[in-house]
Amino acid sequence: MASSHDADATGITRRKSLAAIAGAGALGLAGCTQSSDGGDGSDGGDELSGPINIAGSSTVFPLMSAIMEDFAEEHPGVDPDISSTGSGGGFSNFFCTGDTDFNNASRPIQPAEEELCAENGVEYIELIAATDALTVVVNPDADWIDSLTTEELAQIWKSDPAQTWDEVRDEFPNEEINRFGAADTSGTYDYFIEAILGEEGHTSDYQATEQDNSIANGVAGDEYAIGYFGFAYYFQNPDQLKALGIDDGDGPVEPSLETASSGEYTPLSRPLFTYPSIESLAEEHIAEFARYFVEQTTNEDLVAGDVGYVPATEETQEEQMEKLEDAIERAQG
Amino acid sequence: MATENSNADGFGEVSRVRGIAFEYLSFGASVFGLVALGVLLVYVAIDAFDLANASPAWLLTYFLTLVVPFLAFCLYSADDPEVTRRALGALGGGLVAVAVLFTAIEALVTPIPRLNWQLAYLFVVAAPVTAYLAYVGSRGRVGAVGFGLLGRLVGGVAIGLAVGTLFLVFDALLWFLAYTLGVLPAVGLYAFGRARDEARARTAAAPVALVGLVAAVVLRGVVATYPSDLIIYLWTVAVPVAAAGAFLVADRRSRTAGAVVGGVPLALATAGGFLAAGAGLPAPTVLLALVLTGVPTAVYVSRVVDAGEGLAGLGLPLLLAAGVVAGALIVEALGVPAPDPWLDPSYLTEAPSRTPTEAGLYPAIVGSVIIIAMVAVLSFALGVGTSVFLEEYTPESGPLGTLTRILQVNIANLAAVPSVVYGLLGLGLFANLLGLGIGTAVTAALTLSLLILPITIISAQEAIRSVPDDLRRGSDAMGATRWQTTKNVVLPEAMPGILTGTILALGRAIGETAPLIMIGAATTVFRAPDSLFSRFSAMPMQIYTWAGFPQADFRYGVVAAGVITLLIILVGMNGTAILLRNRAERGS
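If you read the protein sequences in the order shown, they are chains A and B.
Those letters in the first sequence? Residues 1 to 333, per full-length UniProt numbering, in order.
Those letters in the second sequence? Residues 1 to 588, per full-length UniProt numbering, in order.
Calculated from the structure, these hints are not laboratory results.
Each residue gets a CB set at the ideal place from its N, CA and C atoms; glycine is no exception.
Wrong hints could be hidden among the right ones.
Said to hold, decoys possible - Which bits of chain A does chain B cover? Going by a derived footprint, with three or more residues having C-beta under 8 Å, they are:
no. : segment
1   : 49 to 55
2   : 76 to 88
Claimed, not checked - Counterexamples of contact, computed for chain B against chain A with all Cβ distances above 12 Å:
no. : residue
3   : V44
4   : L66
5   : L91
6   : T180
7   : R200
8   : L230
9   : G308
10  : P352
11  : P363
12  : V417
13  : N488
14  : M541
15  : R555
16  : N574
Model the full structure from these sequences, guided by the hints.
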């Protein structure tokens, strides 16, 4: 009671205080409003926003998704997604129909795919992402073998292949060869044919899969097995399998980051690509992502350390950047 | 004696060997299947929670602080000396048996990878005994109260999180207008009509709702300023839920009790929401989870206190929480090496990453939840609609009857079509022809709904067919129209069966990967989808990708954590549906 008496004395009536509370309440509510274009646009500072759709090679997938992860962290407005569909699947189902902005590939685009892209009016440029050393592996218990020449490799994998190891080299055991390799949708398969087999074609007498994991498990469980896949898997699991040195005429060379970047590991070190569509590069956030991608291709920690590919040289990076800037200018200009 | 003889006469000479062999064959088959499944789950759990690195001291600590008090609670609730004796026998005897058997196998046959006898005891004896005792305990009054409270706490949080997830893609502003202009007036009118027995008010509710919804859609394009998201959720979800709880209690007890039951959780949730906003947490989700947990819990506690029986059960959540805290303190104090689980809070709230320890499943979880919610609604509506039409409205004879039968056979065949084919259909029809976009959430939901539609239709048809015809004829005889018969007699009777079929079908849909690959769903995304037309990733896709990563940590730990997450969400979803079904069963 005393307090209300005091209030009266100072001239604050109930009506006045109600009005004051209502006013304060209205102000408070006003502070809790948002405009209809969404309340969380307060990231500020970074105007880049929009989706980036990427599909393609499962070999390039780890590299692209690692770069994307960093880019998404730096630019919260950008909403990137990536699918691992295989190089060919990405080109024919998504990229050349105009549904994705980039397509990753572990081999250059093929004529049939070029045609499809042209039919749908999709223009693109080719960017080199990194270098991969295609690795041939055998069981770690197979102490009778350390290296193969390219001819021997072809003998094992050609369309009419050697059935037992001693057909390949006399001192090898008389045991059947069990082959594990990439499926024919894979860019790795195409590259292996191009580099080793040529006209002779690839055998169909092997376990074909898109999963490096299955190849590794197959080889790890069988002393007389042989398999091949991208370098990353072997790089992350060096104890599980034994990588063979490849003799291209100058003595056997083991696959490693050094031998691949110095160009010693022939003919199995191969460039990996990504293809941005020129129409997409007209959008600023996609152009910015493409620039970021090319910048990161020389990042040793990321490309070699985290993923297990050979980073591009400064020189390659400069070339790629010029090519990209030209394309961006063409798209936006 | 006489009966035995007559049996022998009837069947001639019968050898019992065949019967016994058959029995053991069936027993063997079921044991083989269950054990194989069990071993798989045990290894997945060991990987996901890093139990291989759990020291025996750590296991013992939590066994004593968490498991033993829980078992004691269940035994106290069951209040049956026989059960107590059996449980203690199984725990003690199991300890000796597992230790001896395990050591013998390790020493004589082969070392068992990544498992020690303590873990084997945990999975083979402790977990089944705990489950059994939880079942027995929940039948006692104290246990029923405890588990009821626990269920409301856990279920409320889960539903709150799920609703919060759905609001990530559905336009909250549109919902605000629709609720304010359509839903609220219509419900108010209907309630008024019920209370005052005004038939006109009740019939007016539907048109009012419709007008309100149309107005909402129109106004959404015009109005520029809205209350903040937090206020919207407070107004459209928290207040109605609290009001419903308050009314429930006010009806039974007093207005004051009702006001307390509704008001206290509402105030707590509001405060929590604003605090979360200040702390940078997702405020709307916090608000929803708190209010959807708080109000049912308060209603439940008020009802238990009213009934006055089994009050001790209300302590169960406290008992468990105290066990966890005490365990953590002891482990900390003694410096016991604790496992570092892959499945931890950051795994559930972070985006995928190339570093195994930082990898998270959040965008894929949100994608899966959104898709499955849409699939549930779509397939339920389409499936039940189709089956009701086929069972109740189409003639059984004549040319139309033949047509119906052809349709039925085709539906049954469609159920066996491989999911990849549905993926192609989704790609062609929804993504390309209708232009809903490649790999968008709405395309995926439509495709998956089509995929499980045959299963839902067939099971709903079976359920409707199993409703006795006498009931329909009886309803007809009362002068009911066919619609009234279907609505009041057939559907309530068939609902448990319909729900069972839908639950099974949804379980299939959540794990499907092939159709998602076909429609171009992304393998990896770094943000949760924020509209129905954004590209998304789903849990099985992300898990499959991780399984192919070269690093061993991905292939074992991260994948296992993903599998457990998928299983938990699946079990939670099915659990909700089963609760609904049981309710429908009891209702009929």
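ask   = Going through the earlier hints one by one, which of them does the structure break, listed in rising order?
value = Hints 8, 10, 11, 14 and 15 are the ones this structure does not satisfy, whereas the remaining hints hold.
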